[in-house]
Each structure stands twice: as C-alpha cells, then as structure tokens.
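J.: Chain by chain, the residues:
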Amino acid sequence: MRSQLWGLYVREVLRTFRNPFVVLVTLVQPFMWLAFFGSSFVNLASASGKFGEGTYFAFLLPGTLSTSMLSVGMFGSMSTIQDKRFGFMKRILITPTSKETIFLSKAFGSATRGLVQIPVMVAAAYVFGVSFPLSPLDWAAWVLALLLLAIGFSSLFLAITAPSTDWQTPGVVSNFITMPLMFASAALFPSSSFPSWMQAISNVNPITFSAALGRSFLLGTSVDWFNLLYLSVFAVLMVVIGYIVSARWLKVE
Amino acid sequence: MNPPAIVVNDLSKRYGNAHGVLALDRVSLSIPGGTVFGLMGPNGAGKTTLIKVLTGISDITSGSASVAGFDVRKESLKVRARIGWVAAEVILEDDFSTWENLWLQARLQDLKDWEGRAEHLLRYFGLLDRKDDKVSHYSTGMRKKLEIALALLHQPTVIFMDEPTIGLDVATRRMLWDIVTGIHKEFGVTVLLTTHYIEEADALCDRIAIIDRGRIVAEGSPSELKARVRSDMVQLETSENLDAATLAQIPGVTEVRAQGNDWIIQVGASEEFLPQLFARVHPNQIRRISVEKPSLETVFLQLTGHRIAEEEPMQDIRKFYAQMRRARA
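If you read the protein sequences in the order shown, they are chains A and B.
When you line the first sequence up against the numbering used here, it's residues 4 to 256, in that order.
When you line the second sequence up against the numbering used here, it's residues 1023 to 1351, in that order.
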C-alpha cells in the first residue's frame, strides 16, 4: 500500500503544481484575502475593541488560514471526479491498488496543497504589518493544527463526493458546506458577538479551534492545547469515515 | 494446448436491480494461455462488460471466473497484479513525462526493480529517446504504444485490450496490429482483445468468441468459424420487384431474404449460381450485385441474423466522446 500511496500522492501534488494557473492563484489569493477582506474591516474592527491586542490582520490571519484548509477539500474531490470521467480511476483500480489508498492519496494531496498556502499567507500578513513572535515549537504546532484541519476537511469532501461522477458535485457541496462553516466559526469575527444558535455551531466547528490555537501563538495569549487535541480527533474521525465510505462507495466511472 | 489463462463459468452480469439490463447471460469460456483471443460482437453485445468483470471493476451477478489461476471475486488483488489493460481511449497522465508515467505504473504495481524493464519496453516501442518528453506532446500512435508499455511493465500473464483500435486511422490501426502480434510473440502474454472490426479479429486472433446480446453464440479459430458457413452470400439490388420464388428455384439456393428490392441470397457456390441468375433475371433488372465468400462477417450474420456493422452509429458516438476527451485533456 505504501508504494501505491506514495505514487498517487506524488501524482496529486505534481498535477496541482504543474498547473501555472493553480500556482498563480495559490500565491495571489492570500494577498487578496488580507487586502480586500482585512482592509475593509480593519478600521471597524479597531473601533469595536473586540479583537484583542494587535491589528485586525493578526486576528484575521489564523482564521483565513483555517478557512483556506476548508476550501482545499474541494480540489481533492474535483480531482477524484476528473479521474473517474477520464478513465484514470479504472487504470488505477486495474492494478493492485485499493480504493482506500486512492482516498488517502487524495486527502493528503489536498492537504499538501493547503499547507503550501501557509508561507505565502504568512508573508502576505507580514506585508500588512503582522509580527510573528513564535518559537519553532509554536510554528510546528500551528502547522500541525492546520494540517489536521486540511486532512479532516479533505476527507469529509471526499466522503461526500465518493459516489458521484458529476462535475458539478464538488462545487455544489463546497458551496453548501463552506459558507456555514466559515461564518459560523471564529475565523473572521469573535464568536462572542454571534447569536446563541451560531455560537453553538461555532463551539464545535473545527475552524474555531484551529483559529483559536493560531491566535494564541500570534497574539501571545495562553495556549490551550485542547484545541490541538480536538483537531486531532476531528482529523482521525474524518479519515476513518472517508476510508470506510471510499472502500464501499467510491465509484469507478 | 496451454492451460487456460482465463476460465469463465456460467457467468451473468445484470446492471442495477433484478429488472436491470442483463449485459452477460450465462457466459462460459476457456481461453488457452499464450493465445490472442478475440471477443467479437457489436457495441452493446457485452464485450466491455466481460472485461470489466474479469478485471474486477464490476461485480459478478452469478457464476464464476478466474484469471491467471485466481478467482476474480475472491482473489481480486492477485488477479490485478497479473493483468494489464489497454483501454479503447488512451488514458495517460498527460502532465507527466513518459518516464514519470512508467514510474507511476511501477508504484501502482508495487514493483521494485522496474527501470531495466521500462527501458527495454521503451526501446522495443521506439520511445526510449523520448522518455523525458511530456506525453501530451505525443501523437496518438505514440500514446497507444506507451499505454501498451505500461500494461506490460509488470510482466502480466494476461493483457486485456478493449477495442484498442477504435477511433484510430488506418495506418495507426495497422501499426497496432503489428504491435499486438509482436508483444504476443516477444513477451508471451495471453491477449484478450475485444473488437467489432471483423478484419481485426480475423488478422490477429488465434481463437474468437462471437458475442451477441450478452451470449456467446460461437467459438473457434477463424478458419473453424468460417468452415461453419459452407455457403456464399449474394447481395442483389434490383430495379423492380422480383418474385422470390424465381430466385429460390435456382439450384444451389438455400435461403432467400428480401427487403424491398434488396435481396440476400445464400447459395452453395456463387460461381454456379450467377450464370443461372442471369439466365432467369434480365441484366437490366439488376442494379448492383456483390458476392461474399465465407467470412467472419457472414458467420456473424448467419448466427445472429444481423450484421455487426448495423451498430456503427454507436461507434461514431464513442469516437466523438473519445475525441472530446482528448481535446479537453
């Protein structure tokens, strides 16, 4: 299984980063998030006094990084449907490669795509005046948290789209999932200002936990390691679900 | 004769529920190792479904099958380690070079020392000096060669070729015929090839099974199958209605079928029939006449009551989709 997993994982990564358009969007999108979203709210956020110490950009960065990990899931499921439509899935499955291995390679491939955005977004935030008082251990923990989030969401997307062969499915599923998860979290705004029903969602939303961990490193507040534990449980649970669903329902064509 | 590489026993495949399409209906086959075996029939006959079932892509509804000595249902991974597959449309990783495609295939097959074999295959197919080129820059013929090289990389026992020449021009099709004959001799693999091209089955296959509507209707070597048809087929188009009895009374005529002014007449020997025909029917009444000697086409026609070519429009649709996919890629 390791041989097949490595082969398919490398394929996912190379296919993504050999596409110049994908590389361009990966590099530009983080700047756009901070430039458009961050700049439009920075004055309002400062006036509200609800964003703790530092600039709104320092508050926003861990949130936008977390929501980026949410969106990478869509690419894994798009890649899966492309493989089904062009017959590559059949080519893979006529070798001794299991459906579960295909699932894992897609999930890890998508997560890698998400991780590449981290240095780009950090550089963008630096341009917007964010400072980074993090130790190497803090960096490692933050990246690990984002990796777990990316694996979890990629697995979730792949599990939902496994039985589908329709091009439109990943986009529709992404729209359906992304918006509520992004806004019902503490990624962009503190959840204390939410109505109670949104707070209830935010309190279990993995994005909230990832954003909270990142902020604690960036804003120098005390670190709650439960956030990392929660994200680990989320990632493992989603991988197990995706693994089982793929083995049973991953369509070949 | 070599021990069988593929054995199929009373195998049925139904898509969907109990009322779904019965794509294979109690198919039984025994394909000797080291042969090129053709599965010939029109589109929708069940050829591709049989390949899907034998490669483990589709489930079996009832019956059993083994490939390379392993049960398709119970030992799927062992089967898949011993088979290669060449699709109707070329399926490669276009963003990869030739060598990277081989690397990926080696990974998928869990091969350790594959580089020497890969170089040998590339040399055999004349692609070695292009091994670092992206395959998206390849011609259709080169892509087909690479696809066959991928199928051979892990030294399979059986190669499945599902309509490998569909949508190809005549020159590329001939090249592929040479390759199929060549790899069979060079690498000693059993080839199961599906086709609806009569001449392809005749030229390449040691043995042929004719499949129609999910059933095997005949099996044998091309010469054995042709020997079943001891008569010639005369096709006639007349300018006005003829009396069928006029034709049926000609000595040696065994069957007369008419559709308007088009006639299909089965005769013992066309050489003896034609002078008799011209004696009874004035040449001005005959618009067109053609004689078909015993061929796989006439075998198919006699066994099924229809021609493989009647399904040609479907082939055009498949060709169209194949071209669209290539264009999109």
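Among the hints, a few may not be true.
Stated by the list, open to error - For lysine-lysine, the following BS3-like pairs were computed, each having C-alpha atoms within a straight-line distance of at most 25 Å:
| no. | chain 1 | residue 1 | chain 2 | residue 2 |
| --- | --- | --- | --- | --- |
| 1 | A | K87 | B | K1248 |
| 2 | B | K1156 | B | K1134 |
| 3 | B | K1100 | A | K254 |
| 4 | A | K254 | A | K87 |
| 5 | A | K87 | A | K102 |
| 6 | B | K1315 | B | K1248 |
| 7 | B | K1134 | B | K1100 |
| 8 | A | K87 | B | K1315 |
| 9 | B | K1153 | B | K1134 |
| 10 | A | K102 | B | K1100 |
| 11 | B | K1156 | A | K93 |
| 12 | B | K1315 | A | K93 |
| 13 | B | K1096 | A | K93 |
| 14 | B | K1315 | A | K102 |
| 15 | B | K1100 | A | K93 |
| 16 | A | K254 | A | K93 |
| 17 | B | K1096 | A | K254 |
Said to hold, decoys possible - Okay, the calculated bits of chain B under chain A, using three or more residues with CB under 8 Å as the criterion:
| no. | segment |
| --- | --- |
| 18 | 1052-1062 |
| 19 | 1069-1081 |
Just so you know, the hints here were simulated from the structure itself, not pulled from any lab data.
C-beta atoms are modelled at their ideal positions from N, C-alpha and C, and glycine is treated no differently.
J.: Indicate, hint by hint, whether the structure satisfies it.
T.: Quick rundown of the hints versus the structure:
For the hint linking K87 of chain A to K1248 of chain B, the alpha-carbon distance of about 40 Å lies beyond 25 Å, and the restraint is violated. Between K1156 of chain B and K1134 of chain B, the direct Cα distance comes to roughly 24 Å. Compliance with the 25 Å bound is thereby established for this hinted pair. Between K1100 of chain B and K254 of chain A the alpha-carbon distance is near 21 Å, which keeps this suggested pair within the 25 Å criterion. The hinted pair formed by K254 of chain A and K87 of chain A meets the criterion: a straight-line CA distance of about 8 Å does not exceed 25 Å.
Straight-line distance between C-alpha atoms of K87 of chain A and K102 of chain A comes to about 12 Å, which keeps the hinted pair within the 25 Å bound. For a cut-off of 25 Å, the pair hint linking K1315 of chain B to K1248 of chain B stands: about 9 Å separates their Cα positions. Distance hint between K1134 of chain B and K1100 of chain B is fulfilled; the C-alpha atoms sit about 17 Å from each other, no more than 25 Å. In summary, the hint linking K87 of chain A to K1315 of chain B is not supported, as the alpha carbons are separated by about 44 Å, beyond the 25 Å threshold.
About 19 Å separates the Cα atoms of K1153 of chain B and K1134 of chain B, which keeps this hinted pair within 25 Å; it holds. The straight-line distance between the Cα atoms of K102 of chain A and K1100 of chain B is roughly 15 Å, inside the 25 Å bound, and the hint therefore holds. About 22 Å separates the Cα atoms of K1156 of chain B and K93 of chain A, which keeps this hinted pair within 25 Å; it holds. Taking the CA atoms of K1315 of chain B and K93 of chain A, the gap is near 41 Å; set against the 25 Å cutoff, the hint is violated.
The suggested pairing of K1096 of chain B with K93 of chain A holds, with an alpha-carbon distance near 19 Å, which does not exceed 25 Å. A hinted pair counts as satisfied when its Cα atoms are at most 25 Å apart, and K1315 of chain B with K102 of chain A does not qualify at roughly 50 Å. Of the pairs offered as hints, the one joining K1100 of chain B and K93 of chain A holds, with about 17 Å between alpha carbons and a cut-off of 25 Å not exceeded. A threshold of 25 Å between alpha carbons decides the hint, and for K254 of chain A with K93 of chain A the separation of about 10 Å falls inside it, so the pair holds.
For the given pair, K1096 of chain B sits about 20 Å from K254 of chain A by alpha-carbon distance, which is consistent with the 25 Å threshold. A stretch counts as covered by a chain when three or more of its residues have a beta carbon under 8 Å from one of that chain; for the segment 1052-1062 of chain B and chain A the count is 0, and the coverage is violated. With 3 residues bearing a CB less than 8 Å from a CB of chain A, the segment 1069-1081 of chain B meets the requirement of three and the coverage assertion stands.
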